[in-house]
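Protein chains: 2
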Amino acid sequence: MTAVLQFDVRKNRCPRVCDSGRLVCYAPVFRWLLFPQDVQMQPVLDFLNARQQTALDELCQFLRIPSISADSAYKPQMNECAEWVRASMTAAGLTATIYPTDGHPIVYGERLRDPSLPTVLVYGHYDVQPPDPLNLWTSPAFEPQVREGKLFARGATDDKGQLFTHLKSIEAWVKVNGELPVNVKVLIEGEEECGGVHLDHFLETHRDLLKADVAVVSDTSQYGDGIPAITCGLRGIVAAEVRLKGPSKDLHSGIYGGSIANPVNALTRMCGTLVGADGRVQIPGFYDDVDDLTPAERAQYAKLPFTEASFLKEVGSSATFGEAGWSTLERRTARPTCDINGIFGGYTGEGPKTIIPSKATAKITCRLVPRMNPHKVLDQLEAYLKSQCPAGIEFEFKRFHGCEAFVFDPTSDWLVAAGRAVETAFGQPPVLVREGGSIPVVLSLKQILGLNTLLLGWGRNTDNLHSPDEHIHLQDFHRGTLASACLWKELATVPRG
Amino acid sequence: MTAVLQFDVRKNRCPRVCDSGRLVCYAPVFRWLLFPQDVQMQPVLDFLNARQQTALDELCQFLRIPSISADSAYKPQMNECAEWVRASMTAAGLTATIYPTDGHPIVYGERLRDPSLPTVLVYGHYDVQPPDPLNLWTSPAFEPQVREGKLFARGATDDKGQLFTHLKSIEAWVKVNGELPVNVKVLIEGEEECGGVHLDHFLETHRDLLKADVAVVSDTSQYGDGIPAITCGLRGIVAAEVRLKGPSKDLHSGIYGGSIANPVNALTRMCGTLVGADGRVQIPGFYDDVDDLTPAERAQYAKLPFTEASFLKEVGSSATFGEAGWSTLERRTARPTCDINGIFGGYTGEGPKTIIPSKATAKITCRLVPRMNPHKVLDQLEAYLKSQCPAGIEFEFKRFHGCEAFVFDPTSDWLVAAGRAVETAFGQPPVLVREGGSIPVVLSLKQILGLNTLLLGWGRNTDNLHSPDEHIHLQDFHRGTLASACLWKELATVPRG
Chain S
1 MTAVLQFDVR KNRCPRVCDS GRLVCYAPVF RWLLFPQDVQ MQPVLDFLNA RQQTALDELC
61 QFLRIPSISA DSAYKPQMNE CAEWVRASMT AAGLTATIYP TDGHPIVYGE RLRDPSLPTV
121 LVYGHYDVQP PDPLNLWTSP AFEPQVREGK LFARGATDDK GQLFTHLKSI EAWVKVNGEL
181 PVNVKVLIEG EEECGGVHLD HFLETHRDLL KADVAVVSDT SQYGDGIPAI TCGLRGIVAA
241 EVRLKGPSKD LHSGIYGGSI ANPVNALTRM CGTLVGADGR VQIPGFYDDV DDLTPAERAQ
301 YAKLPFTEAS FLKEVGSSAT FGEAGWSTLE RRTARPTCDI NGIFGGYTGE GPKTIIPSKA
361 TAKITCRLVP RMNPHKVLDQ LEAYLKSQCP AGIEFEFKRF HGCEAFVFDP TSDWLVAAGR
421 AVETAFGQPP VLVREGGSIP VVLSLKQILG LNTLLLGWGR NTDNLHSPDE HIHLQDFHRG
481 TLASACLWKE LATVPRG
Chain G
498 MTAVLQFDVR KNRCPRVCDS GRLVCYAPVF RWLLFPQDVQ MQPVLDFLNA RQQTALDELC
558 QFLRIPSISA DSAYKPQMNE CAEWVRASMT AAGLTATIYP TDGHPIVYGE RLRDPSLPTV
618 LVYGHYDVQP PDPLNLWTSP AFEPQVREGK LFARGATDDK GQLFTHLKSI EAWVKVNGEL
678 PVNVKVLIEG EEECGGVHLD HFLETHRDLL KADVAVVSDT SQYGDGIPAI TCGLRGIVAA
738 EVRLKGPSKD LHSGIYGGSI ANPVNALTRM CGTLVGADGR VQIPGFYDDV DDLTPAERAQ
798 YAKLPFTEAS FLKEVGSSAT FGEAGWSTLE RRTARPTCDI NGIFGGYTGE GPKTIIPSKA
858 TAKITCRLVP RMNPHKVLDQ LEAYLKSQCP AGIEFEFKRF HGCEAFVFDP TSDWLVAAGR
918 AVETAFGQPP VLVREGGSIP VVLSLKQILG LNTLLLGWGR NTDNLHSPDE HIHLQDFHRG
978 TLASACLWKE LATVPRG
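Residue numbers (the numbering used here), protein chains in the order written: chain S, 1 to 497; chain G, 498 to 994.
In short, the hints are calculated from the structure, not lab data.
Be careful, since some hints might not be right.
[To be verified] Distance condition first, Cα-Cα at most 25 Å in a straight line; then the derived SDA-like pairs of lysine to any residue: (1) S/Lys353 with G/Val694; (2) G/Lys746 with S/Thr320; (3) G/Lys708 with G/Gly846; (4) S/Lys386 with G/Gly846; (5) S/Lys313 with S/Tyr99.
[What the hints assert, rightly or not] Which residues of chain G face chain S? A partial, calculated answer using Cβ under 10 Å: (6) Ser569; (7) Leu631; (8) Ser815.
Remember, predicted model here, so these are calculated numbers, not experimental data.
Where a beta carbon is used, it is the ideal one built from N, C-alpha and C, also for glycine.
Kindly produce the complete structure, drawing on both the sequences and the hints.
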């Protein structure tokens, strides 16, 4: 066994790529040698192991295209990038098409083998964040460079590097076995980083085309270095603004103080009780529909490595604070919140000014957990605030947007199958985590296409997403590709529901 | 009687001045004719009645000097104005001197008759507010014009017109009787409208010169049209700023929400309970030293004409609000307050932004009533806010300034005497009122010289103080002069000590 491993490692080692000296793909080789029923799998992995440099070279081509969706000056490069994706899909064995939109094009490819097999819809985005500030990049953002086992470039991890693993694994399956064990549909958009609105329209108008059993998105991260993760929950959100209007103009606080309601006093009064001293949100009914974490999930949370000290250093704070009875990790990912994001009213210059302000405004967001209804939460929030509005103050409540939380049942066959694929490639089972934020496309896939999404992140939180020196670890890129290759096999075993 | 009155009226009528047709000085003439013991008084009033046009012409000279203290370009005019005041004092029979300061000059004049008589210190200011916006003036700010019984010019009521009444009444006494019934000292400064600091220094360094029994300031207003008033109370004030600092930078409210304290949430929580839903300030100990209005004062308040509807129209609000158990007038003048004058933190632009802000700031002032100690109130405020500061938030409390409330015992002989003088000139007894704001000079006179101030306002709230088309009613200017003339006589009767 050892000999085989060593041979395999030597054979696959690529000094230029893996110059960190870290070895890749021990586990898969080990596993597929032990389990002869996986005869189709091993050659695919061999193929991928042997072609790491090629994959890397191709990824570098992809990364060299400055597909900055937010900047209209890069429209030609966006089109060039979409074309590159289409060609890459074709090379992987997919039937690929570019769908123009009123914004940036969507690239869609598919390889449908057998309607009786599961169909997987892969989502990714080929657009990237603007690279500014340019002077903080060690090497230019669109000139990929490998340093210390990492590939540096804008989009290396978000999302070109991660989505490309799926194209490479599909290609390997097709080239080695002539087919995939599942039907695959791949949807790569170009407006994720610029808040584009055309994807939802495309989903709505191509429901049949995109029909599938499950979705796969690789746009999240591992939990930490060497701790692969599947994100099985995302919080939802509602956002609103409350505007109070008192006297028609700022008044002298000496002449009028005590006679009429002060809108800033009133606003602090109504907002100040949104969260209690115990960290619990005090809006009546707020917790009515909250799905608490199960004991199994909490046990999983408790096992995750987390040190308060390094967390506090990360946020630059001296203490954690939040709802009693829940750990910091649980609170930031699986408990609902109510945060005032901004507040303003009256005099904001230097020194004092003796006025009763005419107006005051606060911006509020609540993070939602599964089963909480955004409309209901906004209703509760509005009613609670309004109930505390004193006489003489005009109350206005503006609703911005809202989306539900997302959760993938941790016991689902799809998730268990994906876990096996990740375990195979990463050498250990993934932890199941939830994220505190929301990912709009996951909601769209759920709401428009009815699909649950497997959030399989190969990269790391520390990969400088959206920042200078964005990178992906070569090791992560390669084992992500292997995990993707295993994923098709594992998902093929899931009974369709 | 009627004949005498008519005769007197005819004699005193001055069509150019009193073009509104309203008649002045019925009451004084009536009174002094009835009471022969006031033989010294009637000739003074006759003198003033006969010389209304002269007084008006002189006031117009005074008003033509653009003594804008805030604008250094008007330094020559400030000096010219100080010289004008000095000359006017001399003409009135005072020994007058100009005291240069590091800012604008102070003019001081005195006429000391007999150390056994009461000594009255009159304060006024010869500087005026800038006249901007110029285009809103019907006639130029420094070209006095009479229209409909009112004299329009910057400074007409604040304070040239009001202070000049005292110089004219002194002149009348001296010219008619050769002496005044009291010792008078007159202090006219030039930095009231620009927040100057030199008056206090002058008071501190001229305590002997300014020694007196009582001070008189005519820089307030009547309660309303035809309702003369003596202001016998002013609220004090403390001002502070509370600054909270949470994480070292704004954080993503999805990724971090629930894990650490949000400074805006914390600030609204601590500020939101400063004033309760019942309008009472909830800072522990806040009311400990509050001197409640006496039943007599409340009875007086209850008699003052006040209509909620017109008050609400004035402030542009739909309802009054404040401490239960006290009327609106009482609350705005004789009850303590706690107002947030400004608040800011986090995102203040358009739409939502999903952050946990790093910082939040609020500016707070409390209005104080008699017996409340500014330092104690600031201590209470700081302790109360700090006690609610959650873990992970840095608390900073910045104190700006503070001054005590001022109150003149309504039963004092000085006040009763002044009331008689006002009643004589205005034809009805003045109402005793308190003002909600503070007048710094009143505090300085009290703290530095130990003097209580008789706040005798001849003008009206509606005279456009600090605004375009500032004016004084000719009627008010004249009866103010008569009231001042009576004042010397009445104050002479007050036992010293």
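How the hints compare with the structure:
| no. | hint | result |
| --- | --- | --- |
| 1 | S/Lys353 with G/Val694 | holds, 18 Å |
| 2 | G/Lys746 with S/Thr320 | holds, 15 Å |
| 3 | G/Lys708 with G/Gly846 | violated, 57 Å |
| 4 | S/Lys386 with G/Gly846 | holds, 23 Å |
| 5 | S/Lys313 with S/Tyr99 | violated, 46 Å |
| 6 | Ser569 | violated, 21 Å |
| 7 | Leu631 | violated, 21 Å |
| 8 | Ser815 | holds, 5 Å |
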